[in-house]
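Can you build the whole structure from these sequences, using the hints too?
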Amino acid sequence: MYRSNSAFIVLVLAALSLLANAQQHNPAVGNKASRKPVQESPRKLTPQQQFVLDTVKMAVALPEPDPQDRLRVLASAANVLLPIDQKLAKNLWREGVRIESELVRLGQTPAVSLMANGQTDCASAQSFIENLPEAAVPAAEQSMIGALTSCPKQTMYLVSRKLDAAMEQKIVAPRALMATIEVAGTKTLWSQTHFQKIFSSLPDAHENAGEAENFAAMYARMATEVDKDVARKTGLQLLEWLSKLDDGGTRTLGINIAGGAMKQALGEQGFQDALSGDVVAGSAVQNAQNPGTTGFDRPPVESVSVLQAMGNNGTDQSDRLRDLPASQRAREAAAHGFAAGTSGDKNQAGKYFDMAFAAVDEVWGARTPEQNAAAVVQEVSEAAAQIDSVNALTRAQKLRESSAQAIAMLAVARVVAGAGVAR
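Residue -8 is where the sequence shown starts when you use the working numbering, and the numbers rise one by one after that.
No lab work stands behind these hints, which were simulated from the structure alone.
Just so you know, not all the hints are guaranteed correct.
[To be verified] In silico lysine-lysine, BS3-like type, Cα no more than 25 Å apart, as pairs:
| no. | residue 1 | residue 2 |
| --- | --- | --- |
| 1 | Lys224 | Lys235 |
| 2 | Lys188 | Lys254 |
| 3 | Lys48 | Lys389 |
| 4 | Lys161 | Lys224 |
| 5 | Lys81 | Lys144 |
| 6 | Lys35 | Lys48 |
| 7 | Lys188 | Lys224 |
| 8 | Lys389 | Lys342 |
| 9 | Lys219 | Lys254 |
| 10 | Lys235 | Lys161 |
| 11 | Lys254 | Lys224 |
| 12 | Lys35 | Lys81 |
| 13 | Lys235 | Lys254 |
| 14 | Lys188 | Lys219 |
| 15 | Lys144 | Lys178 |
| 16 | Lys337 | Lys389 |
| 17 | Lys81 | Lys48 |
Have a look at this one:
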């Protein structure tokens, strides 16, 4: 009996020894609580990436008294930063969405839309639509389209309900409605019903003249998707509404778009029959086809050619540039600075960029809502950064207004991020 027990004990001890040895060689076996998680070391940034990260952080830290400017800065910063620091980029997006929501609730159209650019998560998009007042729908139209495009499952029902409520108050957003129709499907009952509804309750023509092309485009998209009787009725309603607009390019273009789509949907004879029964619509179409109708009043477009600047390289253009309006002077001086810099004449490039950044201060100080001053700041800063990004950053930081500084700094960061070189 004693020998039997001894043999048993030896076997047990041997088994325990083998088990302990296996645990030592197999980290998956043993006490899991004692295992420490492996921590990934932070990704090491290249000098160029560090330059971009530092520049973005400095830019977003600057004070922005105007929420529209703050929104511009956050949108640009998040775009530049996303490939380098996703966590910080998302934090900037959240702040931007909050500002965008506040602007919309105040009835202001955001200068840029984070949601329109797909720069938000679906939970934020859903919350934005849920808390949107019906009266703010026109100001939020671009944001609504972005939310609907990025997160259709989460926002389709909410957007359609919000548009319904707005239409009951004679508030319409044709582009947002068209985007909803596209998501829902042009042949669905909701889409067909709301297409008819919007043209039977068009808003005041003079107060909403800016939407003329959007209404016409919506009709053109749907005219062949609905029954011919519906296309005929809604087409005449739209033409009568367009006829109430003041003579000009907007009125002419809207009538021509609507008339062309109506003709396509009804055929030539059906179109002529419809016009013959509606004097107002028929007269509107006839007047729009009259060559004497007032044309478009387009603001003059500033044309700046880098190729032309390079062709004039070697001859000092400073005297000619001083006589130009500030925005054009800024752009042309930057183009000449780029041309001089790429040819190796850094001193002349510096003189041109001195003039360009001085003009940027003028543009920013005299900016109006109709003028895209931010685009001028970005264009000049990007041109300078192509030649010497460190010098361009210094110039950006010396601009008078903090908002202009931030926009210019981010333009420099964007060039470095794209080229991968900080010079």
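Each hint tested on the structure:
1. Among the hinted pairs, Lys224 with Lys235 is consistent with the structure: their alpha-carbon atoms are about 18 Å apart, no more than 25 Å.
2. Between Lys188 and Lys254 the alpha-carbon distance is near 21 Å, which keeps this suggested pair within the 25 Å criterion.
3. Taking the CA atoms of Lys48 and Lys389, the gap is about 17 Å. The hint holds against a cut of 25 Å.
4. Proposed proximity of Lys161 and Lys224 is supported: the alpha carbons are some 20 Å apart, at most 25 Å.
5. As the CA atoms of Lys81 and Lys144 are separated by approximately 22 Å, the hinted pair is consistent with the 25 Å bound.
6. The suggested pairing of Lys35 with Lys48 holds, with an alpha-carbon distance near 18 Å, which does not exceed 25 Å.
7. Restraint check for Lys188 and Lys224: satisfied, since their Cα atoms lie roughly 11 Å apart, inside the 25 Å limit.
8. Distance check on the hinted pair: Lys389 and Lys342 sit about 16 Å apart at the alpha-carbon level, within 25 Å; holds.
9. For the hint pairing Lys219 with Lys254, the CA-to-CA distance comes to about 11 Å; that is within 25 Å, so the pair holds.
10. Taking the CA atoms of Lys235 and Lys161, the gap is near 18 Å; set against the 25 Å cutoff, the hint holds.
11. A hinted pair counts as satisfied when its Cα atoms are at most 25 Å apart, and Lys254 with Lys224 qualifies at roughly 13 Å.
12. Taking the CA atoms of Lys35 and Lys81, the gap is near 20 Å; set against the 25 Å cutoff, the hint holds.
13. Distance hint between Lys235 and Lys254 is fulfilled; the C-alpha atoms sit about 21 Å from each other, no more than 25 Å.
14. With a C-alpha separation of about 16 Å, the suggested pairing of Lys188 with Lys219 holds against the 25 Å cut-off.
15. At most 25 Å may separate the alpha-carbon atoms for a hinted pair to count; Lys144 and Lys178 meet this at roughly 19 Å.
16. Among the hinted pairs, Lys337 with Lys389 is consistent with the structure: their alpha-carbon atoms are about 20 Å apart, no more than 25 Å.
17. Between Lys81 and Lys48 the CA atoms are separated by roughly 14 Å; this keeps the pair inside 25 Å, and the hint holds.
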